[in-house]
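Enquirer: Below, each chain spelled out in residue letters.
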Amino acid sequence: GIQVEQSPPDLILQEGANSTLRCNFSDSVNNLQWFHQNPWGQLINLFYIPSGTKQNGRLSATTVATERYSLLYISSSQTTDSGVYFCAVELRRANDYKLSFGAGTTVTVRA
Amino acid sequence: DAEITQSPRHKIIETGRQVTLACHQTWNHNNMFWYRQDLGHGLRLIHYSYGVHDTNKGEVSDGYSVSRSNTEDLPLTLESAASSQTSVYFCASSESLGNTEAFFGQGTRLTVV
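Chains as they are written, first to last, in the working numbering: chain A, 934 to 1044; chain B, 23 to 135.
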């Protein structure tokens, strides 16, 4: 199956710092999503981004599908950004909508 | 607002018992999925469905079953619960055409004692 690798596995930030999370995947994809799992365990949709660049407030994401990677940028981090960030991909195959998840990046933002 | 809900949110059951976790979505999505999340393993796919009466096994399907009798619901049944099935279970749904963005329920924390 498709391999999804996220880096770094852990990230500790001081409040106000910027950071970049990376997701590499091993095959062509139809869909790529970034999620934030908050301390209560809820999975929050951040971006649906099979290609291109999107921005939402202090967060932005870029997917370069031809080179099989995606980046999530967090700017001016806040303590509420803490949690686990997951990248998930849907293989480019007809009628196949399953998501495969990376292992996640655990982000801790310190005040 | 359309949503996806799971119940119960927490459950403790004894080894060998049967339990069913409910998942209900109001988006009229064709696709529904069950994942489990364990430390060290991320989210792994248990079962999925692409429409009414369609069910498929995921990578960790042993000991689980699903049925899809309508569009809105995909209940997950553990026939004879084992301690290895202690986990957090997430249900998700997505559309089949165009934007296939998946949305997740709040999760069910299941403990098998």
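Treat the hints as calculated values from the structure; they're not laboratory data. As the structure is a prediction and not an experimental result, all values here were calculated from the model. Ideal placement from N, C-alpha and C gives every residue a C-beta, glycine not left out. Take these hints with a grain of salt, some might be off.
As the list claims (entries may be wrong) - 25 Å max Cα-Cα, derived SDA-like pairs, lysine to any residue: (1) LYS33/B to ASN971/A; (2) LYS987/A to GLU938/A; (3) LYS79/B to TYR1030/A.
To be verified - The following residues of chain B were derived to be distant from chain A, with all beta-carbon distances above 12 Å: (4) LYS33; (5) HIS46; (6) GLU81; (7) SER102; (8) GLN128; (9) GLY129; (10) ARG131.
Stated by the list, open to error - If the Cβ cut is set under 10 Å, some of the chain A residues that face chain B in the computed set are: (11) ASN964; (12) PHE968; (13) GLY974; (14) ILE977; (15) SER984; (16) TYR1002; (17) GLU1023; (18) TYR1030; (19) LYS1031.
Enquirer: Work down the list of hints and note, for each, if the structure agrees.
Expert: Consistency of the hints with the structure:
1. LYS33/B to ASN971/A: Given pair LYS33/B, ASN971/A holds - Cα atoms ~21 Å apart, limit 25 Å.
2. LYS987/A to GLU938/A: holds, 21 Å
3. LYS79/B to TYR1030/A: Since the Cα atoms of LYS79/B and TYR1030/A sit roughly 13 Å apart, the hinted pair holds (cutoff 25 Å).
4. LYS33: holds, 15 Å
5. HIS46: Check passes; 17 Å lies beyond 12 Å.
6. GLU81: violated, 8 Å
7. SER102: holds, 26 Å
8. GLN128: violated, 6 Å
9. GLY129: violated, 5 Å
10. ARG131: violated, 8 Å
11. ASN964: At about 5 Å, which falls below the 10 Å cut-off, the nearest Cβ of chain B leaves the hint on ASN964/A intact, so it holds.
12. PHE968: Since the shortest Cβ distance to chain B is 8 Å, the answer is holds.
13. GLY974: With Cβ-Cβ at 5 Å, under 10 Å, it holds.
14. ILE977: holds, 9 Å
15. SER984: Violated - the Cβ of SER984/A stays beyond 10 Å from chain B, reaching only about 13 Å at its closest.
16. TYR1002: Result: violated, 18 Å to nearest chain B Cβ.
17. GLU1023: holds, 6 Å
18. TYR1030: holds, 5 Å
19. LYS1031: holds, 6 Å
Figure legend: structure checked against the earlier numbered hints; hints not met, in rising order: 6, 8, 9, 10, 15, 16.
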